[in-house]
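Novice: With these hints in hand, go ahead and build the complete structure from the sequences.
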Amino acid sequence: MKRVHVAAAVIRDSSGKILIARRADTQHQGGLWEFPGGKVEDDESVESALARELQEELGIVVSAARPLIKVRHDYPDKQVLLDVWEVSSFTGEPHGAEGQPLEWVGQRDLLSYEFPAANQPIVAAARLPAQYLITPEDLETPALLRGIQKAIAGGIKLIQLRAPNGYDPKYRDLAVDAAGLCAGKAQLMIKGPFEWLGDFPSAGWHITSAQLRKYAAAGRPLPASRWLAASCHNAEELALAEQMGVDFVTLSPVQPTQTHPDALPLGWEQVAALIDGFSKPVFLLGGVGPAEQQKAWEAGAQGVAGIRAFWPDSVM
1 MKRVHVAAAV IRDSSGKILI ARRADTQHQG GLWEFPGGKV EDDESVESAL
51 ARELQEELGI VVSAARPLIK VRHDYPDKQV LLDVWEVSSF TGEPHGAEGQ
101 PLEWVGQRDL LSYEFPAANQ PIVAAARLPA QYLITPEDLE TPALLRGIQK
151 AIAGGIKLIQ LRAPNGYDPK YRDLAVDAAG LCAGKAQLMI KGPFEWLGDF
201 PSAGWHITSA QLRKYAAAGR PLPASRWLAA SCHNAEELAL AEQMGVDFVT
251 LSPVQPTQTH PDALPLGWEQ VAALIDGFSK PVFLLGGVGP AEQQKAWEAG
301 AQGVAGIRAF WPDSVM
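According to the UniProt record's numbering, the sequence shown holds residues 1 to 316 in order.
Check each hint, because a few of them may be wrong.
[Stated by the list, open to error] Derived DEER-like restraints, expressed as beta-carbon distance ranges:
{"no.": "1", "residue 1": "A24", "residue 2": "D138", "range": "26 to 36 Å"}
{"no.": "2", "residue 1": "P312", "residue 2": "G31", "range": "40 to 50 Å"}
{"no.": "3", "residue 1": "Q149", "residue 2": "P201", "range": "44 to 54 Å"}
{"no.": "4", "residue 1": "D138", "residue 2": "R52", "range": "52 to 62 Å"}
{"no.": "5", "residue 1": "P136", "residue 2": "E98", "range": "20 to 30 Å"}
{"no.": "6", "residue 1": "T208", "residue 2": "D42", "range": "38 to 48 Å"}
Treat the hints as calculated values from the structure; they're not laboratory data. Nothing here was measured: the structure is a model prediction, and the numbers come from that model. We put the CB at the ideal spot given by N, CA and C, even for glycine.
Specialist: And the structure:
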């Protein structure tokens with residue numbers, strides 16, 4: 001069965017809302033919502049196909065777009081490759097040129113709409129930022145909380161509260177304070193034992209590769225409404241993350257780092273190959289920062305994660 005190559009778009013307006021369209025009842029996966037786009041012809045580039053489809057379907061001309069995510073999905077009757085781009089600028093007023101209903105939807109509200117299974121990783125990618133801050137170790141609590149506050153004020157939307165191993169009551173207290181600072185402003189990701197899950201209802205969970213290996217077979221420990229992420233370093237761990245049903249991963253180390261000087265870096269070529277076989281958002285970690293964001297996008301990643309690269313200087 002030949003895999004159908006589709007170009008699709010996450011289109012944002014100036015307020016950050018995302019455009020979705022309802023599939024006709026007569027179509028494959030009819031009646032469900034989707035991100036606009038259509039089939040890439042054999043002689044077309046993805047960019048050309050995307051531009052053509054959006055002009056035909058919505059009456060708009062794309063002026064700025066970048067790669068967001070590639071998703072391979074196998075339905076019982078069809079195999080698809082969704083080549084998804086983020087469209088941040090366009091001309092024209094979008095309308096359902098083929099009679100399809102359209103809606104502009106807030107990121108959070110995407111969860112209220114029913115999408116085909118192949119679109120679920122796109123929903124996650126559309127809701128995630130391009131930068132993922134990981135807090136430093138060895139900072140006193142007041143400095144750590146000041147840093148989180150300053151990072152949020154600077155625009156950071158996704159924060160992992162880095163943790164020591166095991167059940168640490170000091171970390172737990174810190175997580176309570178961090179959750180308060182992030183409330184309504186940024187998504188906090190906690191690292192810790194699953195026994196704590198019920199105590200932090202607003203937080204997502206970022207599991208270690210050790211937890212991933214131990215619990216992947218048991219399936220997802222969180223409802224779909226809460227973020228679940230995993231630390232991955234190779235193809236085997238990415239496969240376990242897929243099995244567990246995580247929403248996104250970090251993949252590391254991309255390049256040599258100060259914190260793990262002995263770890264063998266993956267390098268950009270291997271990173272791109274690993275991402276190409278994985279249908280979830282990936283943040284690249286290890287020796288990368290804002291300067292590598294464009295390169296990360298070109299490799300197929302959601303964006304970049306880091307400690308020093310995103311931590312406010314004045315509170316180190």
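Novice: Would you mind marking each hint as holding or not holding in the structure?
Specialist: Each hint tested on the structure:
For A24 and D138, the hinted distance range of 26 to 36 Å is not satisfied, since their beta carbons lie about 57 Å from each other. A hinted range of 40 to 50 Å holds for the C-beta pair P312 and G31, which are about 47 Å apart. For the hinted restraint 44 to 54 Å between Q149 and P201, the CB-CB distance of approximately 21 Å leaves it violated. Taking the beta carbon of each, D138 and R52 are about 53 Å apart, inside 52 to 62 Å as hinted.
Under the hint 20 to 30 Å, the C-beta atoms of P136 and E98, about 51 Å apart, miss the expected range. Between T208 and D42 the C-beta distance comes to about 44 Å, which sits within the given range of 38 to 48 Å.
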